[in-house]
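Using the sequences and the hints, build the whole thing.
Number of protein chains: 2
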Amino acid sequence: MTDGNFAVAQSGGPTAAINASLCGVIKKAFSENRKIFGMINGVKGAIDGNFADLNGIFKDEKALALLRNTPAAYLGSCRYRLPDFDGKSELYEQIFDNFRKKNITMVIYIGGNDSMDTVLRLSDYAAKNGKNVLFAGVPKTIDNDLMGTDHTPGFGSAAKFVATAVAEIARDCAVYADRSATLVEIMGRNAGWLTASAALARSETSDAPHLIYLPEKLLSKEKLINDIKNCSARNIVIAVSEGIKNENGIYYSNLDCNAGHDKFGHAQLCGSAKVLESIIKEAFGIKTRSVELNVLQRCGSHFASLTDLTEAEMIGAFGAEALLSGKTGIMAGFERVKEYEVKPIINDVKAVANLEKTVPDSFIAENGCDVTEKAIAYLRPLILGEPKIETENGIPKHIALN
Amino acid sequence: MTDGNFAVAQSGGPTAAINASLCGVIKKAFSENRKIFGMINGVKGAIDGNFADLNGIFKDEKALALLRNTPAAYLGSCRYRLPDFDGKSELYEQIFDNFRKKNITMVIYIGGNDSMDTVLRLSDYAAKNGKNVLFAGVPKTIDNDLMGTDHTPGFGSAAKFVATAVAEIARDCAVYADRSATLVEIMGRNAGWLTASAALARSETSDAPHLIYLPEKLLSKEKLINDIKNCSARNIVIAVSEGIKNENGIYYSNLDCNAGHDKFGHAQLCGSAKVLESIIKEAFGIKTRSVELNVLQRCGSHFASLTDLTEAEMIGAFGAEALLSGKTGIMAGFERVKEYEVKPIINDVKAVANLEKTVPDSFIAENGCDVTEKAIAYLRPLILGEPKIETENGIPKHIALN
Numbered sequence: 091m092t093d094g095n096f097a098v099a100q101s102g103g104p105t106a107a108i109n110a111s112l113c114g115v116i117k118k119a120f121s122e123n124r125k126i127f128g129m130i131n132g133v134k135g136a137i138d139g140n141f142a143d144l145n146g147i148f149k150d151e152k153a154l155a156l157l158r159n160t161p162a163a164y165l166g167s168c169r170y171r172l173p174d175f176d177g178k179s180e181l182y183e184q185i186f187d188n189f190r191k192k193n194i195t196m197v198i199y200i201g202g203n204d205s206m207d208t209v210l211r212l213s214d215y216a217a218k219n220g221k222n223v224l225f226a227g228v229p230k231t232i233d234n235d236l237m238g239t240d241h242t243p244g245f246g247s248a249a250k251f252v253a254t255a256v257a258e259i260a261r262d263c264a265v266y267a268d269r270s271a272t273l274v275e276i277m278g279r280n281a282g283w284l285t286a287s288a289a290l291a292r293s294e295t296s297d298a299p300h301l302i303y304l305p306e307k308l309l310s311k312e313k314l315i316n317d318i319k320n321c322s323a324r325n326i327v328i329a330v331s332e333g334i335k336n337e338n339g340i341y342y343s344n345l346d347c348n349a350g351h352d353k354f355g356h357a358q359l360c361g362s363a364k365v366l367e368s369i370i371k372e373a374f375g376i377k378t379r380s381v382e383l384n385v386l387q388r389c390g391s392h393f394a395s396l397t398d399l400t401e402a403e404m405i406g407a408f409g410a411e412a413l414l415s416g417k418t419g420i421m422a423g424f425e426r427v428k429e430y431e432v433k434p435i436i437n438d439v440k441a442v443a444n445l446e447k448t449v450p451d452s453f454i455a456e457n458g459c460d461v462t463e464k465a466i467a468y469l470r471p472l473i474l475g476e477p478k479i480e481t482e483n484g485i486p487k488h489i490a491l492n
Numbered sequence: 091m092t093d094g095n096f097a098v099a100q101s102g103g104p105t106a107a108i109n110a111s112l113c114g115v116i117k118k119a120f121s122e123n124r125k126i127f128g129m130i131n132g133v134k135g136a137i138d139g140n141f142a143d144l145n146g147i148f149k150d151e152k153a154l155a156l157l158r159n160t161p162a163a164y165l166g167s168c169r170y171r172l173p174d175f176d177g178k179s180e181l182y183e184q185i186f187d188n189f190r191k192k193n194i195t196m197v198i199y200i201g202g203n204d205s206m207d208t209v210l211r212l213s214d215y216a217a218k219n220g221k222n223v224l225f226a227g228v229p230k231t232i233d234n235d236l237m238g239t240d241h242t243p244g245f246g247s248a249a250k251f252v253a254t255a256v257a258e259i260a261r262d263c264a265v266y267a268d269r270s271a272t273l274v275e276i277m278g279r280n281a282g283w284l285t286a287s288a289a290l291a292r293s294e295t296s297d298a299p300h301l302i303y304l305p306e307k308l309l310s311k312e313k314l315i316n317d318i319k320n321c322s323a324r325n326i327v328i329a330v331s332e333g334i335k336n337e338n339g340i341y342y343s344n345l346d347c348n349a350g351h352d353k354f355g356h357a358q359l360c361g362s363a364k365v366l367e368s369i370i371k372e373a374f375g376i377k378t379r380s381v382e383l384n385v386l387q388r389c390g391s392h393f394a395s396l397t398d399l400t401e402a403e404m405i406g407a408f409g410a411e412a413l414l415s416g417k418t419g420i421m422a423g424f425e426r427v428k429e430y431e432v433k434p435i436i437n438d439v440k441a442v443a444n445l446e447k448t449v450p451d452s453f454i455a456e457n458g459c460d461v462t463e464k465a466i467a468y469l470r471p472l473i474l475g476e477p478k479i480e481t482e483n484g485i486p487k488h489i490a491l492n
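First to last, the protein sequences are chains U and V.
Heads up: take any position in the first sequence, counting from 1, add 90, and you land on our numbering.
Heads up: take any position in the second sequence, counting from 1, add 90, and you land on our numbering.
Each hint should be verified, as a subset may be incorrect.
[As the list claims (entries may be wrong)] Straight-line Cα separation of at most 25 Å, DSS-like style, residue types lysine-lysine; simulated pairs:
1. Lys-433(U) - Lys-464(U)
2. Lys-377(V) - Lys-464(U)
3. Lys-134(V) - Lys-377(U)
4. Lys-464(V) - Lys-487(U)
5. Lys-478(U) - Lys-313(V)
6. Lys-307(V) - Lys-447(V)
7. Lys-478(V) - Lys-487(U)
8. Lys-313(V) - Lys-371(V)
9. Lys-178(U) - Lys-134(U)
10. Lys-428(V) - Lys-464(V)
11. Lys-478(V) - Lys-478(U)
12. Lys-152(U) - Lys-478(V)
13. Lys-487(V) - Lys-478(U)
14. Lys-178(U) - Lys-218(U)
15. Lys-428(V) - Lys-134(U)
16. Lys-487(V) - Lys-447(V)
The set of hints was computed from the structure by calculation and includes no laboratory data.
Structure representation (C-alpha cells):
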C-alpha cells in the first residue's frame, strides 16, 4: 500500500456533486488514518503551496454531511492549464517541492476535461523525473462530455434540475388560453446531454417539452418554423441548447437578437433562445418568451439527484483507493451494469483527456426535434432520488472554507 | 348560512401557492357538503359557462394533496378585465345567468390586483341588480403588493426560491480567485419585495448579496459604480429588480444593452441586469455575469415555503367561510400577530382593489443598496419550512385538468 499523505483538488466549473466526491476522498483518507490536504484553487494551490488542513476541518461528522450538500467547489477552482514541459521545469519542480514538504504522495484531481489534462501532465512529469507522487482524476462535469465513463458525477443533479424546471415552466405556460411559445435555454455548448434531459420533464399529465434541439444537429430557421407549425400543443415548450447553430454552422447566439437576421452584432449579448424567440415572434406573432436556466443548472443543489450524490461520493473514495493500491495516471469512471447499477472502473488518463463525448445519433430522433426512447432509458436512472437537505432560516445550509 | 353552491376561479400570474388556496376552498365546500364548480380561465369561465366539476375530480384525497404542491393555476388564468357597467349589462347578465343555471351563490376569486377589481365589479353589479350571489377575493401574488394584508400567499414561496437561488449562485461565484460581479435580476417591476428577499440568502458562511437595488429607489450609473468601488467582496453578488430605473426615472431595461448609454434600442430585448452588466464591464473590466431568475420564481414549487402553502390553504378556506356567513364584496387578508403568527381578516374589497403596496422607506437601508434589519425580520418567517414533495421518475408529481 502506498505510504504518505493525500492532496485533493477541485477544478473547472462548479457542480452540485463535486463536493460529494471531495467528501468521498476525505472519508477514505480518514479511514486509512492518512493526512489529507486540500489544494486551494486547483493546481494553483500546489504551485503556491496553499493547502487546507482537511483533517482538522472535517473532524466533525456534521461538517462532512454539510459538505456533501453544498454546491460548487469547496476548495475553489481554477481554469489554469499547466504548460508543456521539456525535461525539467521550474514550475513543475515547485509543485513537487510543495508536495514533498507535506509528504504528499497521492493526489486526487476532481474535474472535467482540462483537469484530466493536468492529471496527465503531472503523472507524466513524475514518471519522467523520478518523482514519488501518484495522480488520479475523478470526473465531474454537468456537461457529461467525458470519455471513459458511462456518465459524469454532477450531470445527474443538473439533469434533474433541468427536468424539474422544464416541468414547472410548462405548468406556468399552460395557464393562459392563448397560443404561446416558451424557449428554455440549457447549458452544453457542444454536447447536448443536458438539453436532452429536458425530455425527462414529461409525465402522465404533461407532454412538454414539445420540441428539443441539441447542438449535435444544425437547425435552420425554416426547420424551426416548420416544426412549430406541425406542433399541435397550444402552449409550446421548446428545450434548446445554448450552442445551437444554424444551417451554416453559425451559433444563433452570435446572430443579431433582432429576428436572427444574418448579421453580426457589435457584442454577443443574447443567448440562443433570445434569438430563436425573435424568429418565432416574427413568424407567428404569438406570445413568445425565453428562459435561460443559467448557472442554477450547475449550482442548484437544493433538489439534487440522490443517485448522483451517492455515486459522486463513491467514485471519490474509489479514486483514493486506486492511489493507495499504487495506480497513477488514471481517471476513475463508471461502467453501467444491469438496469440500473454502476461499477467503478479505471481508465488510462491518456485515453480520455482532451476528448469530448457528444450525444450519439441513436439518442436523437429522426425528426431532429426530439430524443429517442433509448436516450430516456439512459438518462432517467441518473436523476432518481432526493437527498435530505438541512435548512437554516428557510434556506439550505452550506459550508464554506474560511 | 348561505344556501347554494360554490364557484371558484384563479386569475393573474401563476404562483406556487395559488393551488393550495384552491385546495382550501374545495375542502371547505366538501366539509359543508356543497357542490363546487371551477371556473375555467378565470372570469372567462363564467362568461362562457365553462365550469369544471370539482366534487367529481377531487373525490380522492390524494388528488387534493397533489393539487397543493402543483405550481401555477390548475383552473387556468386570464388577464381579462370586466368592462364598466351602467345599469344593466348583457355581459354581466350572461355571467349571472350561468351562475343561476348551476345554483352558484358563492364565488371565490383567487388573484391579485386585477382580480380584486373583478370581485368589486361583480359584487357591485349583484347589489345594484338584485342578484343573489356573494363574492369574496382571496389574495395571491408573488409580488406581495396588495393592500389589506400583511403579505400575500405565493410571495413566501417565491421569496424562498429567490433566497435559495442567490445563496447557491453566491457559492458558484466564489470558486474563482479573480474579482467578479454577478447580477441577479428579480421580479417585481414596481414593488421590491422579492428583490429585498434576496437578503435572506445571507448566512453564517456567506454575506452575499452584497448590494441590493429595489425599484422604489432610483439608481444612477455613478452610484452603482461607486457602490461597487466601496464593496470589499472579491466576488460581488448584486440583487437587482427588473424594474430598476436610472436617475431620470427611465427603466434600465429600456436602455441600450451596450453599456446603458442613453439611447433607446429598436426593441426591448435585454433585462435590467444585462444593461447593468455592461455598465460594470465597461467601468471595471472584471468578469461580469447576469442571471435572470425569470418565471421559476413564481412556478418553482419543488422548494416552496411550507409556511406559505399552509397559510394559502387556510385563507382559501377562510374566504369560503366568509361567503357561507353571508359576507360579500370582501377580500380576505392576513394580520400578523405576535412573532410569528397570522390571523385571517376581512377587508372591504373597495378599500384594496387597484392599489399597490410598495416597500416602505423603513425597510430600505440609508445607503440605498441594502435592506434594513426590520425588513429581514418581516420577511424571514414567510420562507420557513418545506413541504414534502411527491416525486415520480425523479421529478415532482403534478396534477392537471384534462
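Against the structure, the hints come out as follows:
no.	hint	in the structure
1	Lys-433(U) - Lys-464(U)	21 Å, holds
2	Lys-377(V) - Lys-464(U)	40 Å, violated
3	Lys-134(V) - Lys-377(U)	19 Å, holds
4	Lys-464(V) - Lys-487(U)	23 Å, holds
5	Lys-478(U) - Lys-313(V)	42 Å, violated
6	Lys-307(V) - Lys-447(V)	15 Å, holds
7	Lys-478(V) - Lys-487(U)	18 Å, holds
8	Lys-313(V) - Lys-371(V)	15 Å, holds
9	Lys-178(U) - Lys-134(U)	19 Å, holds
10	Lys-428(V) - Lys-464(V)	15 Å, holds
11	Lys-478(V) - Lys-478(U)	11 Å, holds
12	Lys-152(U) - Lys-478(V)	23 Å, holds
13	Lys-487(V) - Lys-478(U)	18 Å, holds
14	Lys-178(U) - Lys-218(U)	9 Å, holds
15	Lys-428(V) - Lys-134(U)	53 Å, violated
16	Lys-487(V) - Lys-447(V)	34 Å, violated
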